[in-house]
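K.L.:
Listed below are the residues making up each chain.
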Amino acid sequence: MKRLCGILTLSLASGLALAAPGVALKDENVLSKPSATSAAVGKMTKGMAVDIVAKQGGWLQVKAGGKQGWVRLLSVRAGAGGAGGNGLAGVAGVAGAVTQKSDPSRVVAVAGVRGLNEEDLKGAKFNAQELAKLEGYAVTASQAKAFADKSGLKAVKIKALPKPDAEADGETL
Amino acid sequence: MKRIFSILALMLGTHVASSAAFDLGKILQLPEENKQQKTEQAQQPASRSSGLSPLMLLGKTSVEDEARIGRQVSGDLLGAAPLVKDDTLQRYVNTVGRWVAQQSNRKDLDWHFGVIESEDINAFAAPGGYVFLTKGLYKRLNNEAELAGVLAHEIAHVSRKHHLELLRKSQLIGALSQTVSKEIKSGDQAVQNLIGNGAEMLARGLDKEAEFEADRIGAVFAARAGYDPWGLPTVLQDMAAINTGDNRLALLYKTHPTAADRLARLGEAVGDRFDSLPTGKEFPERFYRIK
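Here the protein sequences come in this chain order: A and B.
Taking our numbering, I'd label the letters of the first sequence as residues 12 to 184.
Taking our numbering, I'd label the letters of the second sequence as residues 26 to 316.
Hints were generated in silico from the structure; no laboratory data involved.
Please note that the accuracy of each hint is not assured.
Stretch-level coverage of chain B by chain A, calculated; a stretch enters the list once three of its residues show a Cβ under 8 Å from a Cβ in chain A [claimed, not checked]:
hint	segment
1	97-111
2	132-140
3	174-183
4	187-195
5	242-255
6	290-304
Far from chain B by the CB rule (all over 10 Å, computed), these chain A residues [to be verified]:
hint	residue
7	Ala-30
8	Asn-40
9	Ala-50
10	Lys-74
11	Thr-151
12	Gln-154
13	Ala-159
14	Ser-162
15	Asp-176
Lysine-lysine pairs mimicking DSSO-like chemistry, simulated, CA-CA at most 27 Å apart [what the hints assert, rightly or not]:
hint	chain 1	residue 1	chain 2	residue 2
16	A	Lys-161	B	Lys-186
17	A	Lys-170	B	Lys-233
18	B	Lys-194	A	Lys-168
19	B	Lys-160	A	Lys-156
20	B	Lys-233	A	Lys-133
21	B	Lys-164	A	Lys-156
22	A	Lys-136	B	Lys-160
23	B	Lys-194	B	Lys-279
24	B	Lys-194	B	Lys-164
25	B	Lys-164	A	Lys-57
26	A	Lys-170	B	Lys-132
27	B	Lys-306	A	Lys-44
28	B	Lys-279	A	Lys-37
29	A	Lys-136	A	Lys-37
30	A	Lys-133	B	Lys-132
31	B	Lys-110	A	Lys-174
32	A	Lys-133	B	Lys-279
33	B	Lys-316	B	Lys-233
34	B	Lys-316	B	Lys-186
35	B	Lys-160	B	Lys-306
None of these values were measured; they are calculated from a predicted model.
By construction, the Cβ of each residue, glycine as well, lies at the ideal position given by its N, Cα and C atoms.
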């Protein structure tokens, strides 16, 4: 309970008293705790609009169909409606680190930023000097290992993920 | 010998401030004697003299040819968007990236990572171990696990040789056989003939399945490195929340499935498989933030 209060405080502090919108990517039970073994308190169905309240590891706390509880991070996508988001704060925002507001002036500012488009890439001229600079930043395997050791990053044995069945793909959403 | 000295001069001229380890003895070796070290010499591809290996016609590319293609693509990309002028940032990204790359099946490549000057939200990989992300994407990241996740997705493209496969499938392979048979072009020209403008390949993108695969492999590489496995999914969630019509995502969505599709597909593969993993590290405190 203490931790939940902490998350709530954080959300309020960063101006995110309102939850971020999301859409369910699949049918899934809404659980009482961020753990697969906890009890179901409700159910969300694919395509359902949900409110994302908090994030913890691989879990999102959501409000779905009037119930509040936890679902897997990959079972919901942030952003409301259609195929894309609406520029409101997403999961990262809920996590308390990024606060994007739906601010019309921001959208205008973004539209003025010239991106890295196809034409830029097609017309690009080889830059040997920048390439040399890039290669100068190289880190060796042993330097990387020393960095990992120093910071307590331990290599873990993890099996590759299987390719999901073609039939079960979620590309329609 | 004169050429070698000029390479050395280049190294000294441009790398004095760099803390990259380099061995003077290795630099003074002729490239032919030390093929493994070639990419550490900051040679310009134009100084190469041989054509690409005919093996590529058989669907096999030597590590050396792969690196040459990668350098051509990278040099072209850097012509469109130079590196962010921040040595600490670039070294940090190379350190995290190299540690993640050590968890791949291609840890012997000479890996290079760079943050490029663009407000776009995107990341790129080129054959041979070249990985880039834009400043626009970097600034959205909240911790080192998210950085590791993004880099791991690109490392996965290199590890699965997705871009080489794209080259093989394209009709440009014909240009290669021409080059090899004529043997009149310089090494750099051979690569150029093969791939055209290297950066253009990045604008074309890979097929959707390659992107879904890189998400699956990338999430695992980052977790193997000891990071929180949810870094990449969290970045995808962040992208999903941005309007798909946003200019900064234009090229990303031209070359990638939507973030929503990627989340759904990754979710099917992950299921409960990460439930038993040890808690990974995120390092929000030490994560380097661009000033």
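K.L.:
Against this structure, judge whether each hint is valid.
P.N.:
Hint by hint, here is what the structure shows:
Counting residues of the segment 97-111 of chain B whose C-beta sits closer than 8 Å to any C-beta of chain A gives 11, which meets the bar of three, so the coverage hint holds. Residue count for the segment 132-140 of chain B with a Cβ under 8 Å from a Cβ of chain A: 6. That meets the three needed, and the coverage hint holds. Coverage of the segment 174-183 of chain B by chain A is violated in this model, with 0 residues showing a Cβ closer than 8 Å to a Cβ of that chain against a need of three. Only residues whose beta carbon comes within less than 8 Å of a beta carbon in chain A count, and the segment 187-195 of chain B has 0; fewer than three means the coverage is violated.
With a threshold of 8 Å between beta carbons, the proposed coverage of the segment 242-255 of chain B by chain A holds, since 11 of its residues qualify and at least three are required. Figure legend: the segment 290-304 of chain B, annotated as covered by chain A; annotation consistent (13 residues with Cβ-Cβ distances under 8 Å, at least 3 required). Every Cβ of chain B is farther than 10 Å from the Cβ of A:Ala-30; the closest lies at roughly 12 Å, confirming the non-interface assignment. Non-interface status of A:Asn-40 relative to chain B is upheld: no Cβ of that chain comes within 10 Å, the nearest being about 13 Å off.
With a minimum CB-CB distance of about 17 Å to chain B, A:Ala-50 clears the 10 Å threshold, and the non-interface call stands. Every C-beta of chain B lies more than 10 Å from that of A:Lys-74, the closest at about 17 Å, which supports listing it as non-interface. For A:Thr-151, the condition that its CB be more than 10 Å from all CB atoms of chain B is violated, with the nearest at approximately 6 Å. With 10 Å as the threshold on Cβ separation, the claim that A:Gln-154 sits away from chain B is violated: the shortest Cβ distance comes to roughly 7 Å.
Not every C-beta of chain B lies more than 10 Å from that of A:Ala-159, the closest at about 5 Å, which undercuts listing it as non-interface. Listed as a non-interface residue, A:Ser-162 fails to keep its Cβ farther than 10 Å from every Cβ of chain B; the least gap is roughly 7 Å. Residue placement check: A:Asp-176 does not keep its beta carbon more than 10 Å from all beta carbons of chain B (closest about 8 Å). Taking the CA atoms of A:Lys-161 and B:Lys-186, the gap is near 32 Å; set against the 27 Å cutoff, the hint is violated.
The suggested pairing of A:Lys-170 with B:Lys-233 holds, with an alpha-carbon distance near 23 Å, which does not exceed 27 Å. For the given pair, B:Lys-194 sits about 34 Å from A:Lys-168 by alpha-carbon distance, which is inconsistent with the 27 Å threshold. As the CA atoms of B:Lys-160 and A:Lys-156 are separated by approximately 26 Å, the hinted pair is consistent with the 27 Å bound. Of the supplied pair hints, the one linking B:Lys-233 and A:Lys-133 holds, its CA atoms being roughly 22 Å apart against a limit of 27 Å.
For a cut-off of 27 Å, the pair hint linking B:Lys-164 to A:Lys-156 stands: about 26 Å separates their Cα positions. Of the supplied pair hints, the one linking A:Lys-136 and B:Lys-160 holds, its CA atoms being roughly 20 Å apart against a limit of 27 Å. With a C-alpha separation of about 20 Å, the suggested pair B:Lys-194 and B:Lys-279 falls inside the 27 Å cut-off, and the hint holds. Among the hinted pairs, B:Lys-194 with B:Lys-164 is inconsistent with the structure: their alpha-carbon atoms are about 35 Å apart, more than 27 Å.
In summary, the hint linking B:Lys-164 to A:Lys-57 is not supported, as the alpha carbons are separated by about 32 Å, beyond the 27 Å threshold. A distance of roughly 17 Å separates the Cα atoms of A:Lys-170 and B:Lys-132; the hinted pair therefore holds under the 27 Å criterion. Only pairs whose Cα atoms come within 27 Å are accepted, and B:Lys-306 paired with A:Lys-44 is accepted, the gap being roughly 22 Å. With a C-alpha separation of about 25 Å, the suggested pair B:Lys-279 and A:Lys-37 falls inside the 27 Å cut-off, and the hint holds.
With a CA separation close to 46 Å, the supplied pair A:Lys-136 and A:Lys-37 exceeds the 27 Å bound. A C-alpha spacing of about 31 Å is found between A:Lys-133 and B:Lys-132, which places the hinted pair above 27 Å, so the restraint is violated. Taking the CA atoms of B:Lys-110 and A:Lys-174, the gap is about 40 Å. The hint is violated against a cut of 27 Å. Among the hinted pairs, A:Lys-133 with B:Lys-279 is consistent with the structure: their alpha-carbon atoms are about 15 Å apart, no more than 27 Å.
A distance of roughly 35 Å separates the Cα atoms of B:Lys-316 and B:Lys-233; the hinted pair therefore is violated under the 27 Å criterion. At most 27 Å may separate the alpha-carbon atoms for a hinted pair to count; B:Lys-316 and B:Lys-186 exceed this at roughly 35 Å. Between B:Lys-160 and B:Lys-306 the CA atoms are separated by roughly 23 Å; this keeps the pair inside 27 Å, and the hint holds.
In the structure shown, a violation is registered for the earlier hints numbered 3, 4, 11, 12, 13, 14, 15, 16, 18, 24, 25, 29, 30, 31, 33 and 34, in ascending order.
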